[in-house]
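Fit chain U to the given chain F structure using the hints.
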Amino acid sequence: MEATKTKKKSEFARQPAGDKVLLVICYAILGLFMVAIIVPMIYIILASFVDPITLQNQGLTFDFSKWTLTAYQRVMENEQIWVGFGNALLYSVTSTVLSVVITLLAAYPMSRADFKGKGLYNLIFMITMFFGGGLIPTYLLINNLHMMDTIWAIIVPPAFSVWNMIVARTYYQGIPRDLEEAAEIDGANEMTYFFQILLPVCTPIIATIAMWCFVGMWNSYFDAMIYLNSASKQPLQLVLRSILIQSQPEPGMVSDMQSVAERARLAELLKYSTIIISSLPLLIMYPFFQRYFGGGLMAGAVKG
Amino acid sequence: MSRPAAVATKEKDVNSKLHYTLVYMRQHWQLYLLFMMPALVLTIIFRYIPMGGVMIAFTDYNPFRGIFGSEWVGFKHFSRFLSSPDFLSYLTNTLKLSVYGLLWGFPAPILLAFLLNRILSSSIKQKIQLVLYMPNFISVIVLCGIVRIMLAPTGMINMLLGTDWNLMTMPQAFRTIYIASGIWQGAGWGSIIYTAALSNASKELKEAAVIDGANIIQQIQVVEWPAIKDTVMIQFIMQVGNIMSVGFEKAYALQTDLNMDASEIISTYVYKKGLIDGDYGFSTAVGLFNTVINVILLISMNALAKKVNDGKGIY
Chain F
4 MEATKTKKKS EFARQPAGDK VLLVICYAIL GLFMVAIIVP MIYIILASFV DPITLQNQGL
64 TFDFSKWTLT AYQRVMENEQ IWVGFGNALL YSVTSTVLSV VITLLAAYPM SRADFKGKGL
124 YNLIFMITMF FGGGLIPTYL LINNLHMMDT IWAIIVPPAF SVWNMIVART YYQGIPRDLE
184 EAAEIDGANE MTYFFQILLP VCTPIIATIA MWCFVGMWNS YFDAMIYLNS ASKQPLQLVL
244 RSILIQSQPE PGMVSDMQSV AERARLAELL KYSTIIISSL PLLIMYPFFQ RYFGGGLMAG
304 AVKG
Chain U
22 MSRPAAVATK EKDVNSKLHY TLVYMRQHWQ LYLLFMMPAL VLTIIFRYIP MGGVMIAFTD
82 YNPFRGIFGS EWVGFKHFSR FLSSPDFLSY LTNTLKLSVY GLLWGFPAPI LLAFLLNRIL
142 SSSIKQKIQL VLYMPNFISV IVLCGIVRIM LAPTGMINML LGTDWNLMTM PQAFRTIYIA
202 SGIWQGAGWG SIIYTAALSN ASKELKEAAV IDGANIIQQI QVVEWPAIKD TVMIQFIMQV
262 GNIMSVGFEK AYALQTDLNM DASEIISTYV YKKGLIDGDY GFSTAVGLFN TVINVILLIS
322 MNALAKKVND GKGIY
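Residue numbers (my numbering), protein chains in the order written: chain F, 4 to 307; chain U, 22 to 336.
Worth flagging that the hints you see were computed from the coordinates, not collected in a lab. Keep in mind that the hints are not guaranteed to be accurate.
[What the hints assert, rightly or not] When the alpha-carbon atoms are kept at most 25 Å apart in a straight line, the in silico PhoX-like pairs for lysine-lysine are as follows:
#1 U:Lys146 to U:Lys271
#2 F:Lys23 to U:Lys224
#3 U:Lys250 to U:Lys328
#4 U:Lys38 to F:Lys121
#5 F:Lys119 to U:Lys38
#6 U:Lys224 to U:Lys250
#7 U:Lys250 to U:Lys327
#8 U:Lys327 to U:Lys97
#9 U:Lys271 to F:Lys236
#10 U:Lys327 to F:Lys121
#11 U:Lys227 to F:Lys23
[As the list claims (entries may be wrong)] Only part of the chain U face toward chain F is listed, based on derived beta-carbon distances under 10 Å:
#12 Cys165
#13 Lys227
#14 Ser288
#15 Leu309
Please read all numbers here as calculations on a predicted model, not as lab measurements. Glycine residues also receive a C-beta, built at the ideal position from the N, C-alpha and C atoms.
Chain F on its own, in the form it takes in the complex:
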């Protein structure tokens, strides 16, 4: 510990005087940005524990006798939040599995130099990156397919992502050809090669794509908003939307309050605990994702 400290010190001390000033400025800007990120988060965390009426009148307080878990209790006792969690988990997991499988499969032929028809497939996929039908035609299609108000409307249409396919394809192409040739000599056909040799060495990119799919689905609300009507099918983000954006908490959370004003105030204050509870799962998983943040970004940045 002592040794690293002196080493760090000397590294900074070794910089020329002019650079030291610049370095201090750099650290100051970076520090400010960090503070700007952390302060709102800490504010929300602290405020979520403060007694609603106190928070309304005096703001944050560190008089712990005014702290309470009522807000958490009210949110957690509400069924709709848990329904939302359950649905969000169901949609995110199924959509991730579906999307990863379809995307990884399609990327394989597209990565092979000898694949006949590659140009045509490429054209078909690329056009969709430039041009789309837009909201209404897609909406009417989902309606005609009788997918309205079902999980399929949420998970099937986005199941194949051209962008992720390009990322996976670029990664496959980085795997040495020797591996495939060796497999061919050993008599493996492409199925064996893909499932038993290629996929196992591609786990970093699979994890990265899976993370993108999961986080994307977990955090989105638009498709659910337009395709799902039943309360029992709403994912978490829609439940959050009514609490945080529309200030209309689930009836059960505030119905014991007598006056409209009291309900409105409580609705305002339930927001804090709702934000904490709903953000916890991703933030807990966050450090585990960290290894995969960089993966695929560079692959996607250049044309494969």
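Relative to the frame of chain F, chain U by itself:
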């Protein structure tokens, strides 16, 4: 005598080429049926069929009669949109939001990457990165919830400024809120790609520069900027190409009845006209208008990228 022979060989060539392809397809049928089929079917159903559906934009669409049963009205919806007084306001709202967003939001991650690169201890750097990337995992809804709490008349921002503005109801504040919260959430995450490019900068070059007494500014000029220049170009061109596709989700979640003058953009207008008012034909026309501008931008930006990037486009 020689001409028919040439045609014949040509025919033979075509035939044998076709033959080879068919043999290849028979040998590798799994590639077509198992690997490509799901992606192809999804693309055709969920991407190409809606493309045909843009014909709705030229009809007074009636859901009971379908596209072909509805009355064909040509460019009526387009001229109605283009001549309406709201058209310019929605278009400028969309453009301002994305152009200003680009002007402020594009340099932020690059600056962060340069700053991060100046951290001497790699373990501290990792911890800082962990914090910087975190907001990216907050959902749009929660982000907008936090924004609304922070900007409330009694919220933190007003406390710091000593004011009691209701910023969510002020049209003149909307773009600043949208862009600043975007930087708050995305700048850290966006810096990853530049940090990666910076780590590819040649170590020897940097060491040589340091030995020659280059200060930080000179190091950036000689070593670091050249290392990320191409990435910056490509990222910039890509983002310019996406200028018309401002996200619906965040704009809609930050809208209030009173800030509509600045916050109503084309995508939110398409949603309201189409799915809330049920004016399918008109809504599709507005959406199509947006898409066409976007396609033109994308294609020209891709052509530009080809020039910059040694003949390679982005797509």
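Quick rundown of the hints versus the structure:
no. : hint                 : verdict
1   : U:Lys146 to U:Lys271 : violated (30 Å)
2   : F:Lys23 to U:Lys224  : holds (21 Å)
3   : U:Lys250 to U:Lys328 : holds (15 Å)
4   : U:Lys38 to F:Lys121  : holds (15 Å)
5   : F:Lys119 to U:Lys38  : holds (11 Å)
6   : U:Lys224 to U:Lys250 : holds (17 Å)
7   : U:Lys250 to U:Lys327 : holds (15 Å)
8   : U:Lys327 to U:Lys97  : violated (38 Å)
9   : U:Lys271 to F:Lys236 : holds (22 Å)
10  : U:Lys327 to F:Lys121 : holds (21 Å)
11  : U:Lys227 to F:Lys23  : holds (18 Å)
12  : Cys165               : holds (6 Å)
13  : Lys227               : violated (14 Å)
14  : Ser288               : holds (8 Å)
15  : Leu309               : holds (6 Å)
Consistency with the previously given hints fails for numbers 1, 8, 13, ordered from lowest to highest.
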